[in-house]
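Listed below are the residues making up each chain.
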Amino acid sequence: MMIAHATIPLILYGLFPNHISLLALLLGSGAPNFDVLPTLLRKKTPKNALTEFHAASVLHTPFFYLILLPFVYLLLDYFTVASSLTIAISFSIGGILHILMECFDEKGRLLLYPFSKKFYGIPVFPYDFWTYLTSKKTLAIEGLFFVIACTVLTLRWAGLYAGF
Amino acid sequence: MRVNLKKWIRANKAYVAIWILMGLIVLGLVIYELGIYTLVVIIPFLSLFIIAMVRMVQELRK
Numbered sequence: 001m002m003i004a005h006a007t008i009p010l011i012l013y014g015l016f017p018n019h020i021s022l023l024a025l026l027l028g029s030g031a032p033n034f035d036v037l038p039t040l041l042r043k044k045t046p047k048n049a050l051t052e053f054h055a056a057s058v059l060h061t062p063f064f065y066l067i068l069l070p071f072v073y074l075l076l077d078y079f080t081v082a083s084s085l086t087i088a089i090s091f092s093i094g095g096i097l098h099i100l101m102e103c104f105d106e107k108g109r110l111l112l113y114p115f116s117k118k119f120y121g122i123p124v125f126p127y128d129f130w131t132y133l134t135s136k137k138t139l140a141i142e143g144l145f146f147v148i149a150c151t152v153l154t155l156r157w158a159g160l161y162a163g164f
Numbered sequence: 001m002r003v004n005l006k007k008w009i010r011a012n013k014a015y016v017a018i019w020i021l022m023g024l025i026v027l028g029l030v031i032y033e034l035g036i037y038t039l040v041v042i043i044p045f046l047s048l049f050i051i052a053m054v055r056m057v058q059e060l061r062k
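Read top to bottom, the protein sequences are chains G and P.
The opening residue of the first sequence carries number 1 in the working numbering; numbering runs sequentially from there.
The opening residue of the second sequence carries number 1 in the working numbering; numbering runs sequentially from there.
Extracted from the complex, chain P is given alone in its bound form:
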């Protein structure tokens, strides 16, 4: 599905807020359990995350 990201975020800000909140709490739980080793989980996927974010910014600028 194609979306206009700006419009989509504005129309679904409650959903976006809930997902971000849940994501941050889960990240907190992982950090609490693993400590510094959380980086071992995050680093392999960092490149994919950066590419996804760059694509998202490109979509937003369109």
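Just chain G, same shape as in the assembly:
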């Protein structure tokens, strides 16, 4: 899902360049996918992709990034990194944004974990990778956000828009 990993973070950064660290935002938006490793290393493809470990671990919960936020901030602050709060917030926003975007697939996400282990979401996109790539609806939505990201950043580079 390109919108969860790059285009939405780029749009957000394009709109609020003075308040967001793009590097931390992109790292945060990629962090949930570290739970893909067991899926990549599996020997057999499960019949139902919705039952796999990927996207069902604590890394795919907003709770994880809210808990992580103060620790990231304190760690960065300890090493006297400039704008440590902005970096910590950007990282958490990236992670949460990724999960919220992925709520729009058939699987949904563990939005209310640890209070509930139910998957919540609005099934707009397919979950299966191959179906996702060849869905016209998916391509149209991804393409729309891709165009918005390009437009926002181009306007900013051209000096027509300074950002909030």
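In case anyone wonders, no lab produced these hints; they're calculated from the structure.
Since this is a predicted model, take the numbers as computed values, not measurements.
Careful: at least some of the hints might be erroneous.
[What the hints assert, rightly or not] So the derived list for chain G, only partly shown, Cβ under 7 Å to chain P, looks like this: (1) ALA6; (2) LEU22; (3) LEU23; (4) LEU26; (5) GLY30; (6) LEU40; (7) TRP130; (8) LEU133; (9) THR134; (10) PHE146; (11) LEU153.
[Unchecked claim] DSS-like cross-link-like pairs, simulated, lysine-lysine; straight-line CA separation at most 27 Å: (12) G:LYS137 to P:LYS7; (13) P:LYS6 to G:LYS136; (14) P:LYS13 to G:LYS136; (15) G:LYS137 to P:LYS6; (16) P:LYS13 to G:LYS137; (17) P:LYS7 to G:LYS136.
C-beta: ideal position from N, C-alpha, C; glycine also.
Since the structure of chain G is provided, determine the placement of chain P on it from the hints.
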């Protein structure tokens, strides 16, 4: 879903081309914004990418 990768790519080359093109442009935007620091974003996920590619090549050779 199980796919025969060779057949699948041949049947969906237009989709594959569009996704690759969009991906490369997005990568270009990130490189333009971050410069050399793009590597900081890419390197942590490089191992996952390499494993995925190795699995894909294994599927293609079957």
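Okay, the hints, checked on the actual structure:
1. ALA6: It holds, given that the least Cβ distance between ALA6 (chain G) and chain P is near 5 Å, below 7 Å.
2. LEU22: At 6 Å from the nearest chain P Cβ, LEU22 (chain G) passes the 7 Å test, so the hint holds.
3. LEU23: holds (6 Å)
4. LEU26: Given a least distance of 5 Å, the restraint on LEU26 (chain G) holds.
5. GLY30: holds (6 Å)
6. LEU40: Holds, because the Cβ-Cβ distance from LEU40 (chain G) to chain P comes to roughly 5 Å (cut-off 7 Å).
7. TRP130: holds (5 Å)
8. LEU133: holds (6 Å)
9. THR134: holds (5 Å)
10. PHE146: holds (5 Å)
11. LEU153: It holds, given that the least Cβ distance between LEU153 (chain G) and chain P is near 6 Å, below 7 Å.
12. G:LYS137 to P:LYS7: holds (22 Å)
13. P:LYS6 to G:LYS136: holds (21 Å)
14. P:LYS13 to G:LYS136: holds (14 Å)
15. G:LYS137 to P:LYS6: holds (24 Å)
16. P:LYS13 to G:LYS137: holds (17 Å)
17. P:LYS7 to G:LYS136: holds (19 Å)
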